[in-house]
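Participant: These protein sequences, in sequence, are chains A and B.
Position 296 (the first sequence) corresponds to 296 in our numbering; numbering is contiguous.
Position 185 (the second sequence) corresponds to 185 in our numbering; numbering is contiguous.
A few of these clues could be false.
[As the list claims (entries may be wrong)] Which bits of chain B does chain A cover? Going by a derived footprint, with three or more residues having C-beta under 8 Å, they are:
no.: 1; segment: 26-39
no.: 2; segment: 79-92
no.: 3; segment: 110-123
no.: 4; segment: 274-287
[What the hints assert, rightly or not] No farther apart than 30 Å at their CA atoms in a straight line, the calculated lysine-lysine pairs in the DSS-like style are these:
no.: 5; chain 1: A; residue 1: 623; chain 2: A; residue 2: 591
no.: 6; chain 1: B; residue 1: 149; chain 2: A; residue 2: 595
no.: 7; chain 1: A; residue 1: 612; chain 2: B; residue 2: 139
no.: 8; chain 1: B; residue 1: 149; chain 2: A; residue 2: 612
no.: 9; chain 1: B; residue 1: 139; chain 2: A; residue 2: 595
no.: 10; chain 1: A; residue 1: 610; chain 2: B; residue 2: 149
no.: 11; chain 1: A; residue 1: 583; chain 2: B; residue 2: 139
no.: 12; chain 1: A; residue 1: 650; chain 2: A; residue 2: 623
no.: 13; chain 1: A; residue 1: 582; chain 2: B; residue 2: 139
no.: 14; chain 1: B; residue 1: 265; chain 2: A; residue 2: 623
These are calculated hints, taken from the structure and not from any lab test.
Ideal Cβ positions, reconstructed from N, Cα and C, are used throughout, including at glycine.
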Amino acid sequence: MARKRDTGRDQSKRQNGKRQDNERQDEKALNRRDFFRGGAAAGVGAAVLSTSAMAQDAGAQRIQWNYEADVVILGSGCVGLHAAVRARDLGASVLVIDQNFDVGGKLVHSGGWTSLGGGDPIQERDRMGTDPQGLGLKASLIKPEDLEDDPDRLFRDMTDWSVVDATGVARYRYNDRDLHRAWADNAPKTRQFMMDNYVRFARIDGTHQGGGMSRARAARAMMKLADKTDIKAGTVSPQDRGDPQGERHSHFAPMRQVPGVAADSLGAPGWVWGGFSIARPMEFSAREKGVRFMLNRHMDELIRERPFSGRVIGVKARYTPRTHPETGARLESFWQNGNIDERAETIYIRARKAVIIATGGMQGSIPMRMMTDPRMCEPSIEYGPSALIGPLNMDGSGIMAGMKVGACLAGMMQNYQHSSGSPTISSVLGTRDTVGSNFPGTPAFLFARAKGFNIGNAGWEHAIAVNQVGQRFYNERAINNVSSDAKYPPGTDGTRKEFVPLDWRNASPQQVNAQNRRSAAVDAALAINEGSRAPDFASGPVWAIFDAAAVARGGWTIRYPYIADPPDGYFHKADTLAELAKKVMGHPHQKMPLKHLEKTIARYNEMAGKGKDEDFDKPVLHKIETPPFYAAAATIRVNDSYGGLRINGKAQVLDTQGQVIPGLYSGGEASGGGAQHGIGRATVHGYIAGTHAAQEPSA
Amino acid sequence: MAAKAVSTHGERTCAVEVAPGEVDAGGELTVTVRAACPQGCDLAGQGVSIQDRDDTELARAELAALEDGAYGTSALVLRAPLQVGEHVWRAVLAAQEKDGVRHEQTATEFPVVVRAHAASVTVWGLPSAIAAGERFSFKVGIRCSAGCKLGGRALSVIDHAGAQVAVASLHDDVWPGTNALYFAEVQAQAPRTTGEFTWQVTSPGSDEGAPHAAGACPVALKVVAPPDHDVTVEAIDSANQTPIKGAHVLLHPYRALTDERGVAKVKVAKGRYTLVVSGFNYIGYESILDVTRDVTARAELAVEPEEEVDIR
Chain A
1 MARKRDTGRD QSKRQNGKRQ DNERQDEKAL NRRDFFRGGA AAGVGAAVLS
51 TSAMAQDAGA QRIQWNYEAD VVILGSGCVG LHAAVRARDL GASVLVIDQN
101 FDVGGKLVHS GGWTSLGGGD PIQERDRMGT DPQGLGLKAS LIKPEDLEDD
151 PDRLFRDMTD WSVVDATGVA RYRYNDRDLH RAWADNAPKT RQFMMDNYVR
201 FARIDGTHQG GGMSRARAAR AMMKLADKTD IKAGTVSPQD RGDPQGERHS
251 HFAPMRQVPG VAADSLGAPG WVWGGFSIAR PMEFSAREKG VRFMLNRHMD
301 ELIRERPFSG RVIGVKARYT PRTHPETGAR LESFWQNGNI DERAETIYIR
351 ARKAVIIATG GMQGSIPMRM MTDPRMCEPS IEYGPSALIG PLNMDGSGIM
401 AGMKVGACLA GMMQNYQHSS GSPTISSVLG TRDTVGSNFP GTPAFLFARA
451 KGFNIGNAGW EHAIAVNQVG QRFYNERAIN NVSSDAKYPP GTDGTRKEFV
501 PLDWRNASPQ QVNAQNRRSA AVDAALAINE GSRAPDFASG PVWAIFDAAA
551 VARGGWTIRY PYIADPPDGY FHKADTLAEL AKKVMGHPHQ KMPLKHLEKT
601 IARYNEMAGK GKDEDFDKPV LHKIETPPFY AAAATIRVND SYGGLRINGK
651 AQVLDTQGQV IPGLYSGGEA SGGGAQHGIG RATVHGYIAG THAAQEPSA
Chain B
1 MAAKAVSTHG ERTCAVEVAP GEVDAGGELT VTVRAACPQG CDLAGQGVSI
51 QDRDDTELAR AELAALEDGA YGTSALVLRA PLQVGEHVWR AVLAAQEKDG
101 VRHEQTATEF PVVVRAHAAS VTVWGLPSAI AAGERFSFKV GIRCSAGCKL
151 GGRALSVIDH AGAQVAVASL HDDVWPGTNA LYFAEVQAQA PRTTGEFTWQ
201 VTSPGSDEGA PHAAGACPVA LKVVAPPDHD VTVEAIDSAN QTPIKGAHVL
251 LHPYRALTDE RGVAKVKVAK GRYTLVVSGF NYIGYESILD VTRDVTARAE
301 LAVEPEEEVD IR
């Protein structure tokens, strides 16, 4: 008899009894107000859009709400999940809406490396060398004195103006003081909060970029491989974990494969790690505690009592299902308990206490990303894991909606400065989704269609990069020289031997002068070329061109699922270069053949014969001559967003006068105010926002 | 019975689009016809005949209403003549009377330009440095623009002085991984003097089957003095002190790859070289090497950090 697949879904069913009790408690708090039959909502929408303050005021008063909850959270990623559970813990009814079909946002496929600190419980655990949860941990990886931490030290680190990283970026100098004081104060509490909600951590093994220099603060969230997935026990079944070595990811853990770090090396033999180890436990806990999710729904508008004054009292949201590209069936979330399956096109949701904008950043919005860098008009620039989260992910809608009700922006500079906030050229070739980099098994693969193959920085020795007309533009071997490393353990750029906090001599003037020149390769790639046309003069995609000899030397895996089958336009093979130059037209953003390709290769091969790259000083050249020939998209990508809504230490959104917009909170990539990156930033923002939103007076 | 009134409209306009602009002899081309009546008549269902200069009908189709209000055919797939040059074809809208309106016959001539199949010639596998007077080999591939079978086709190699120095015939099989690239291995002897030379691989034209144009490709030779010494390079992973297989060793113009033991042997002429050793996932190694006798060099390479998106 076939054995029933034991997944977290089953555990979710088992907990239904307890959850139903919570739901009954919420009956009065979270009601569906079905006014669609009366057709009133559509008419009210017009009034909301009125430019007249009076009319808008009247419109807001007259809105007939379809749903209401104490706290309405926009987005179910890292900020949203943490805010939801925290607000629910404090007694608020919570409704989370998300434009995607599943919960987890970017968090679920991330590495789950959580940099907190300030003397958090995991720092303390590892400092003492103990294992109070009985996780089977090995000895601590960091010496005890480098784990001794407190919020004051963490705050000092987070605002240490003396740190300038290898690329010249002063990561900490521009962090908003008020915001990071609150962040430092809440970091230890957030770690405990995560642990209280089934998140397990390996030994601390460093500090995330942007998490401070003087202490080790980051640990990977993990789950133990076992026969079945049991969130409470911290276990995940092999089916739910997926098998990157077997070229399979899972719906539960749509995590890209991160090579090079074995779980055993994290002090946790037998465990696996990744963002799913935070996202799924937090989601499980949220559902268990009675948080309701309305998926497939995109927030289009915040509703404030008056255009630029009064409380934010709700949102207008649109139905945005994602469907299987072949069957047309609607995609469904991994767990469904606690979901509200609302399919009306437009609904209005009232927030009695607060709305929390946890919608992520603006990488997917060309007009918004152009606010910090006009070159970002280039449409072929891909933004993060779009296959995973959908075409509306990171569309800046939360930030835009905040602006429309009077919010101010902050920290836009970091979108340009930060290595993951500004565009880089990927060495993962042949796919549009170089970040998610998923195998089949996760629904995201239906949209990514190819995992891509990673040639690494060294692989560029064997390929050239050309622009949309087939011309080289940079030393390919240096195309990815954009690393930045301002994290524990501290160092300097070599001019001093020891890092001294707050000492300006930590960085050389050369480093400081290097600021704003982070990726010269991208500067060259995004330059106007012969194929650029008005009005945007887009520079077009970047192509890696190589031959069969390079594939043989590198052992590159150029087959499904690393490339798409059937082809998707991001990878091409041809008998001759002339043929290859025409084939690239299959790429959605390639508007012309690579007209100079044959000439470019002829010159390159000539220089390879001479042993010198007279154009770009590439150190080693290999002739591109052995058929067949290949063109693989080397996608220019932007992963993260740093600038966004200005918030204060309570995660309240501020207006252009610096005043709090009542009832409106934000955090993570939807907010700005610093160069801090990653899960540490978002978890604490969610914790803070949930704490204060739940304590708002009920309107 | 009353006579039916018939009015005659002027000539219908007719435009023909041919793709590609030039087509291989015997190859496929598409013809698309668009037509309109100056008075705006409904032309849906009217017939279009594509004819050659001898009035032979090559295709027939009916006009259909297009989204923009005009009328047209779908893209008609036709085969080009084998004779190279410009051929004049016609799109003929037959005379027709419908609902009391008569349209006279309209014929629009259009050119079909036929070219000989082009030969794309590729050369690979040539040694990066060849000792003077040494025999060497390389590969030549030829692809017909129409994907024709080229097995048995002859090619010749012409040296820098214009003399034929080698001949070969293409294999019947295509080069692995390609659809229609036929290849040959060519043996030749290098010039007896050192220097850089440009030879030519040529493939003559042919009228067998379809007309095929001649093709050619330059071959750049770097002829060096016979090597004096062996250079043995050992590539080692600096972290775990294990050999690196497949590392690329460059002492320009000499190149080699390391074996299972991480060792590459290169025969070079005496002199000063920049030794560059590079490996996938490693930071490149570089040093200056003076070769006055047999030399052994050890290159320790550090692993290059994995490209990792900063989302951990």
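Participant: Next step is simple, just say for each hint if it's right about the structure.
Facilitator: Against the structure, the hints come out as follows:
1. 26-39: Violated - the segment 26-39 of chain B has 0 residues with a Cβ nearer than 8 Å to chain A, which falls short of three.
2. 79-92: Not satisfied, violated; 0 residues make the cut.
3. 110-123: With 3 residues close enough to chain A, the hint holds.
4. 274-287: Holds: 9 residues of the segment 274-287 of chain B have a Cβ under 8 Å from chain A.
5. A:623 x A:591: holds, 27 Å
6. B:149 x A:595: holds, 27 Å
7. A:612 x B:139: Cα-Cα ~24 Å, so holds.
8. B:149 x A:612: It is violated: about 39 Å lies between the C-alpha atoms, which goes past 30 Å.
9. B:139 x A:595: It holds: about 26 Å lies between the C-alpha atoms, which stays within 30 Å.
10. A:610 x B:149: Violated, at about 36 Å.
11. A:583 x B:139: OK: residue 583 (chain A) and residue 139 (chain B) at ~25 Å, within 30 Å.
12. A:650 x A:623: violated, 59 Å
13. A:582 x B:139: holds, 25 Å
14. B:265 x A:623: holds, 21 Å
Hint compliance for this structure: hints 1, 2, 8, 10 and 12 are broken, all remaining hints hold.
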